[in-house]
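Peer 1: Here is how the chains run, residue by residue.
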Amino acid sequence: MNLARWQQDFRDWLTVASNDASHRLVHGSTTGLDIYQNNYRAQLMSVLEASYPQVLARLGAVLFRDAAINHIDRHPPHAWTLDVYGENFEDTLRSLLPHNPDVHELAWVEWSLAQSFVAADADDVSNDDLASVDWETAELQLAPSLHLRRVTTNVEAIWSALYDDTEVPESEMLDASGGLITWRQGTSCRLRQTDATEYAALQSLHEDAHFASLCDVLVEHLGEDAGIARAGELLANWISAGIVIGIESHH
Amino acid sequence: MFTPPPTFSGYGLGLRKEHYRDFLDTDVPVDFVEVISENFMVDGGQPRQILRQVRERHPVALHGVSMSIGSFDGLDRDYLHRLRALADEIQPLFVSDHLSWSRLGRFNSHDLLPLPYTEEALDLVCRNIDMAQDVLGRSMLFENPSTYVSFVDSPMTEWEFLDHMSKRTGCGLLLDVNNVYVSSRNHGFDAHAFLRGIPADRVRQIHLAGHTETPEVLIDTHDQPVCVDVWSLYADAMSLLGPVATMIERDDAIPPLPEVLDELAIARDIGRRNMRLAEAA
Chain U
1 MNLARWQQDF RDWLTVASND ASHRLVHGST TGLDIYQNNY RAQLMSVLEA
51 SYPQVLARLG AVLFRDAAIN HIDRHPPHAW TLDVYGENFE DTLRSLLPHN
101 PDVHELAWVE WSLAQSFVAA DADDVSNDDL ASVDWETAEL QLAPSLHLRR
151 VTTNVEAIWS ALYDDTEVPE SEMLDASGGL ITWRQGTSCR LRQTDATEYA
201 ALQSLHEDAH FASLCDVLVE HLGEDAGIAR AGELLANWIS AGIVIGIESH
251 H
Chain E
1 MFTPPPTFSG YGLGLRKEHY RDFLDTDVPV DFVEVISENF MVDGGQPRQI
51 LRQVRERHPV ALHGVSMSIG SFDGLDRDYL HRLRALADEI QPLFVSDHLS
101 WSRLGRFNSH DLLPLPYTEE ALDLVCRNID MAQDVLGRSM LFENPSTYVS
151 FVDSPMTEWE FLDHMSKRTG CGLLLDVNNV YVSSRNHGFD AHAFLRGIPA
201 DRVRQIHLAG HTETPEVLID THDQPVCVDV WSLYADAMSL LGPVATMIER
251 DDAIPPLPEV LDELAIARDI GRRNMRLAEA A
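Going line by line, the protein sequences match chains U and E.
Everything in the first sequence is counted per the working numbering, starting at 1 for the first residue and increasing by one.
Everything in the second sequence is counted per the working numbering, starting at 1 for the first residue and increasing by one.
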């Protein structure tokens, strides 16, 4: 058998336990092949458990295992790093538990925090950087570790209680949707819930990084004076939290 | 044509998360540490920061598990460039990976899958090693894996394959003594013949580890101390090879650092005694 065929058969054995493939690979006992298949599946299970400890705690071992097996069957790993294997687990949870947005959002929190943990390093904005800014042309640079999504449940409180090992609140829908952000300042990963206005403001920066455009968005939401005031307040908070890590202006 | 990296004689440990604090806060008595390359091939954050701090205190070997040198459809260039960037920053003692494959097209098993020891596989592995060493700009070491299936189609022994591979590509060898033992028991070959069959002048590093014995096969689990039979094989290896960097790998059920250092002290004793035999020869 040539090498290409050999490797295709091995893949088929690992992913779908093809008996035809196993017969071509070995003659007689499949004990050795069984070890490879067990390693393959056990490792992926371990990766999902390690990537989503709070989802595991929330769902319990049996339900989590069922979801993980479903995910492993549908999503063979493709990247060179196992760190990205859990990337679409939120989608698997959404398909299996379509009426549990708290679980979907909890999965997002865990995944995004893990991505923030190893994102590129960034410096804080210094006072010198601020001294010469032309705010008409200024563009805000967001931290490479920043992840953002709309939130509909009290998942931030749930995640925090699970993480701190305190009493976990019942899942609830929020009165009004807002935003969730994760990012890293120094080596510390952070999670924060935002109101709808801050969420819209951060989202707008992904499309247009100009401070002036941010002001336009906030004026549209809040009116002229309140919008401009909120823009200044948000920018100050984002700079001190390490969410905005650079300001570039074109004189 | 590359040549294997210079010999480094010393005793080290695989750096694991459980021991980060020990390595950052205290002067751990090791001659080098080895890290899993992929854990540090990230954009930034704490992992890279810790590695830089450890590097200030100890020589570091980069040991990969995802190069997939036996992949039929070649190597992943993104992977190689990330590894190159890490190696350029860390200036490692060695860059190593395994004689195995894990990737085929968009599928990646993340396991060290076995290769048949055929001329076709040898040609392919040598082509891939040439490419890896060219991109990295340095010679690599390749480790003999533990395997659980063997192939009727293999006309070469594993040690013959390693010999041809290292001579054709200029790569060095990482001799995993536990893997030799595990594979010899699983496939019924003579472990001492393996040690005598590989080119001694190409071996730059030795791994020692524990395994799990089941009724049918031995499994390379790295979750237990090195067993007596593997120590004995290590003594034989050192009497043949002379000074070679030796380290202990623990990847599961990781004990406190003093326990692993006690085990490393056994390696030092055995190494010191048996290296003299090699030097006398």
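Derived by calculation from the structure, the hints in this document are not laboratory data.
Don't be surprised by glycine CBs; every beta carbon is placed ideally from N, CA and C.
Mixed in with the good hints, there may be bad ones.
[As the list claims (entries may be wrong)] Which chain E residues face chain U? A few, computed with CB under 8 angstroms, are given here:
#, residue
1, V42
2, P47
3, Q49
4, Y79
5, H81
6, H110
7, E119
8, A121
9, L122
10, L124
11, Y148
12, V152
13, S154
14, M156
[As the list claims (entries may be wrong)] Looking from chain U toward chain E, a few residues come up when the C-beta cut is under 10 angstroms (computed):
#, residue
15, Q7
16, D20
17, H23
18, L44
19, S116
20, L148
[Unchecked claim] Away from chain U, derived, C-beta distances all over 12 angstroms, residues of chain E:
#, residue
21, P4
22, R16
23, G64
24, R82
25, L83
26, G105
27, R106
28, D123
29, D190
30, H192
31, T214
32, D229
33, A235
34, P243
35, I266
Peer 1: What are the numbers of the hints that this structure violates, sorted from low to high?
Peer 2: Of the numbered hints given earlier, those the structure breaks are 5, 7, 9, 13, 14, 16, 17, 20, 23, 24, 25, 26, 27, 28, 31, listed in rising order.
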